[in-house]
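2 protein chains.
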Amino acid sequence: AKPKVGYTYSEGSGYLNNLEEIYGKKVKEVKSVAVVVKKRTSVYDAIVKLFLEDVGSLYVIDDDEILVGVLSRKDLLKMTIGETDINQMPVSVVMTRMPHLFTVKDEDAVFEAAKKIVDYEVDSLPVVEQLTDQAGEVIEDKFKVIGRVSKTTIARIFVDCKLQI
Amino acid sequence: AKPKVGYTYSEGSGYLNNLEEIYGKKVKEVKSVAVVVKKRTSVYDAIVKLFLEDVGSLYVIDDDEILVGVLSRKDLLKMTIGETDINQMPVSVVMTRMPHLFTVKDEDAVFEAAKKIVDYEVDSLPVVEQLTDQAGEVIEDKFKVIGRVSKTTIARIFVDCKLQI
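If you read the protein sequences in the order shown, they are chains R and H. Going by full-length UniProt numbering, the first sequence opens with residue 54, and the numbers climb by one from there. Going by full-length UniProt numbering, the second sequence opens with residue 54, and the numbers climb by one from there.
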């Protein structure tokens, strides 16, 4: 068990908790598993996957497993009220595409992830890892998806902190 | 401006903030406006409203403006992958209905709302007010909707607290 460093009584009601410690937690400590689909997946199949995996967003990858887009429930809903045949339409047409999407890294602080979610009004952020070439050089804008941080993650942290007090 | 009661330096890195104060905030201080539809609204029109109002859930009311159900993006998505004509189908068929839904009241603590959202795995909670009859007696299970608390609300509180430190 973690030592309760920094805990102290408040003058009035109850405890103080070290909020800085909570905000400074790393994304890798709180992330959940990413659910991905290939870019040629149909909108219909993506919706089915969303239900089967019980998530709010799907991440879209290409054949080399590089992140190419993000699919929200709203992206998917938007397609279903049009005239399009969602069995024929690939998710690549409706997704938010790289580089117009927001990501976090394993070493980022939870606060940073929460702030991006709030500021950019997204439901979740893919946790990514930058690809490197054989010489170990970073390949610009090529990311592998290694997790997910969502509004649910943030709400859960908010609740869990209280239960730990 | 609120006096920063209970703030103090931590031994190591940064500040302590009074988490109890944050958790104890009342729902009425943080709620946002509820977006409602009538129970005979079509699934199609509800989806359009969801986009126009830019929310994640809609609350369904009857002709007396009593809360009768909640519609999530997933409830709506589920309908669009079936064979049903979403122009003909009323939302009352797909909504989660009273009394099988979770609500909060103005005087509840933010923590309680967050815990319900996490425990019951919902995106948002309608903030409700119990109806009373002419004698001032509470009418069981009859609620008016007076707001909304969502995962976004919780994430925003989480971020704002840090910015106030």
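None of these hints come from the bench; they were simulated from the model. Careful: at least some of the hints might be erroneous.
Since the list gives no way to pick one copy over another, a pair counts as held whenever it fits inside one copy or between any two copies.
Straight line, CA to CA, 30 Å or less: simulated DSSO-like cross-link-like pairs of lysine-lysine [stated by the list, open to error]:
| no. | residue 1 | residue 2 |
| --- | --- | --- |
| 1 | Lys-169 | Lys-195 |
| 2 | Lys-131 | Lys-78 |
| 3 | Lys-158 | Lys-79 |
| 4 | Lys-102 | Lys-215 |
| 5 | Lys-79 | Lys-102 |
| 6 | Lys-131 | Lys-79 |
| 7 | Lys-81 | Lys-197 |
The hints, checked one at a time:
1. Lys-169 <-> Lys-195: within (20 Å within a copy, 38 Å between copies)
2. Lys-131 <-> Lys-78: neither (35 Å within a copy, 36 Å between copies)
3. Lys-158 <-> Lys-79: within (9 Å within a copy, 34 Å between copies)
4. Lys-102 <-> Lys-215: Classified as neither: same-chain Cα gap 33 Å, cross-chain 36 Å, threshold 30 Å.
5. Lys-79 <-> Lys-102: within (28 Å within a copy, 37 Å between copies)
6. Lys-131 <-> Lys-79: neither (34 Å within a copy, 35 Å between copies)
7. Lys-81 <-> Lys-197: within (14 Å within a copy, 42 Å between copies)
In summary, the structure is inconsistent with hints 2, 4 and 6 from the numbered list given earlier, while agreeing with the others.
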